[in-house]
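Asks: Listed here are the chains, written in short residue letters.
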Amino acid sequence: MMNNAWRWLVRILRAAVPLVLLAGGIASLAYGVARHTAVVSVEQEIEIDLAAPPGMEFPGVEGGAPGFGPPGFEPGMAAPDFPPPFLQLPPELSKVKEKVIVSEPSSELTLIREVTFGGVVRLDTGVLWRTYTGDPPSLCPT
Amino acid sequence: MAPMAKGNSIPLSARLARWRAWVQGAFLLVWLDPLGVRLHMVCSPVFHCYSCPLALFACPIGVLANFSALHLVPYVALGTLVVIGVLVGSFICGWVCPFGFLQDLIGRIPTRKFELPGWMGYGRYVVLASLVLAIPYFFGEEHPLFFCRVCPAGALEAALPHTASTAMGGAGIVWPSAVKMAVFGLVLAAMFFTWRPWCTVLCPLGAIYGLCNRVSFLFLKFHPARCNDCDLCRRLCRYHGSSERRGDDMRCIRCMECTRCSAVTLSHVFESERREV
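Read top to bottom, the protein sequences are chains A and B.
For the first sequence, this note's numbering gives the first residue as 1, with consecutive numbering after it.
For the second sequence, this note's numbering gives the first residue as 1, with consecutive numbering after it.
Keep in mind that the hints were calculated from the coordinates and are not lab data.
Beta carbons: idealized from backbone N, C-alpha and C, even for Gly.
Hints may contain errors.
[Stated by the list, open to error] Derived Cβ-Cβ restraints for the label pairs, each shown as a range:
#1 B:129 with A:46: 40 to 48 Å
#2 A:126 with B:145: 18 to 26 Å
#3 A:125 with B:143: 17 to 25 Å
#4 B:193 with A:138: 31 to 39 Å
#5 A:126 with B:161: 31 to 39 Å
#6 A:138 with B:137: 37 to 45 Å
#7 A:95 with B:30: 45 to 53 Å
#8 B:137 with A:88: 54 to 62 Å
#9 B:164 with A:90: 52 to 60 Å
So that you can see chain A by itself, here it is in the shape it has in the complex (with noise of 0.2 Å):
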C-alpha cells in the first residue's frame, strides 16, 4: 500500500514540470481567448446633421420672460419656426461627413484575425492603427 503511494508521489514529482507548463499554457490561452483585449483606433467617415433636432424652440417661449424669443414674440404666442427661416440649412447642406478617429477594445481573437491580412498596424505614436474600414483586404501586404 504504502509502496504504491510511494510509486504515484514518484510519478507525479517526475510529471510536476510539464504538468506546471501546461497549466500555464491552458491559463494563457484562457486569458488570451476571454479576458485579453488592445486598444485599437481607426478612421470613420460619420454624417453630422446641422438640422436643429425636432423640437427645439426659442429658449424661453413657453411663458418665458418678455425679452427672449424672437423680434416681436410675447408670452403666450404660438411658438415660431426654430430656427428662424433665414437662419435654416437648405437640405443639401444640412449634413455634412467628416473623419473622426475612434478607439476601442479589441480582442485578442479579432486581433489574430486582423494581423493575417495586415489590418493593425503600429504608429510611432504607439497607437495600435485599424488600416481600413469597411471590406477587410483579403491577402496581407508582405
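On the provided structure of chain A, position chain B as indicated by the hints.
Replies: What follows is chain B alone, placed relative to chain A:
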C-alpha cells in the same frame, strides 16, 4: 547483417512510423480547409501561412511576429504552442506539419543527401530570436527582414498562388518580393540534397517544439542497458536527432524511425524517467 540491439522486435511505435506519410497527408487535408471555413482567429500548431488561399487557421509564427511588431503579448499563440509542445513536443514537426511533409516528399527523390553539422540546428533559435521577435519589435512589420517577408512557406502557399491567380485573372501581376523568393528557392533546392533543411536549420516553430522536447509528456527514451553499440538508431535517424542517443534531443522531429531499435522506446512521464543512469 547489421548487429541489432538486444531483444529487438518491432514495437508498436516503429510499426506506426511506417504510416507517418499517411498521417501527414491526412493532416494536410485538415490544414487545407476542406469545408471552406476560415478560422483565422485561431492559431494552428503548425507552420502554414495564413495568407494561403486554403489556410484553415492562423500561423502561430506569423502571429508571434505580428504581435511583437504591435508590442502585444500573444497569449493565445503562446498558450497554444506551450500546451501542444508540452503534450507531444516535436511530434508536430514529424507527423502533422504540412511544410515538413513537403520536405519529406521532396527528400524521397533519390539524390545524394548530405548531413548538415549539428550546430546548424541553433540557427532556428537565431531566426526565432531575431526575425520573429527582435526585428518586428524594434523595427515593425515594414522591415525587409520581418519574418513573414522572408518566409518560404508564405512564398509557396500564398505569394505564388496569388501571383498565379492574378496572372490568370488578367489583372496586372504583382510579383512577390525577391528576397522571399530567393529564400524559398534556396530552401527548395536544399530539400533535394539534405533531409528537412528548413526544419533542421531555420524553422522557428521547430525551435519552440525542440525546447519542449525536454519537458514533454511523451518522449523518446534511450536505454543504455539495452544498447550494444550496433549504431542502428543513428543510421535510422535522418534528422540528426538520435545521433546523440538522447530521445529528448532538440533536433529530433520524433518520426519514431529509431524506435525500430529496442534501445529507443516511446515513453511518457508517468511511466519512466527520461534517462536511465
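Asks: All the hints need checking, so say for each whether the structure fits it.
Replies: Hint check:
Range check, residue 129 (chain B) to residue 46 (chain A): about 44 Å between beta-carbon atoms, so the 40 to 48 Å window is met. About 22 Å separates the C-beta atoms of residue 126 (chain A) and residue 145 (chain B), a value consistent with the hinted range of 18 to 26 Å. At roughly 18 Å, the beta-carbon separation of residue 125 (chain A) and residue 143 (chain B) lies within the given 17 to 25 Å, and the hint holds. Take residue 193 (chain B) and residue 138 (chain A): their Cβ atoms lie about 36 Å apart, and the range 31 to 39 Å holds.
For residue 126 (chain A) paired with residue 161 (chain B), a C-beta distance near 35 Å keeps the hint of 31 to 39 Å intact. Checked against the given bound of 37 to 45 Å, the beta carbons of residue 138 (chain A) and residue 137 (chain B), roughly 27 Å apart, lie outside it. Distance hint for residue 95 (chain A) and residue 30 (chain B): a CB-CB separation of about 51 Å, consistent with the stated range 45 to 53 Å. For residue 137 (chain B) and residue 88 (chain A), the hinted distance range of 54 to 62 Å is satisfied, since their beta carbons lie about 56 Å from each other.
In this structure, residue 164 (chain B) and residue 90 (chain A) meet the distance hint of 52 to 60 Å, their C-beta atoms being roughly 54 Å apart.
Of the numbered hints listed earlier, the single one contradicted by the structure is hint 6.
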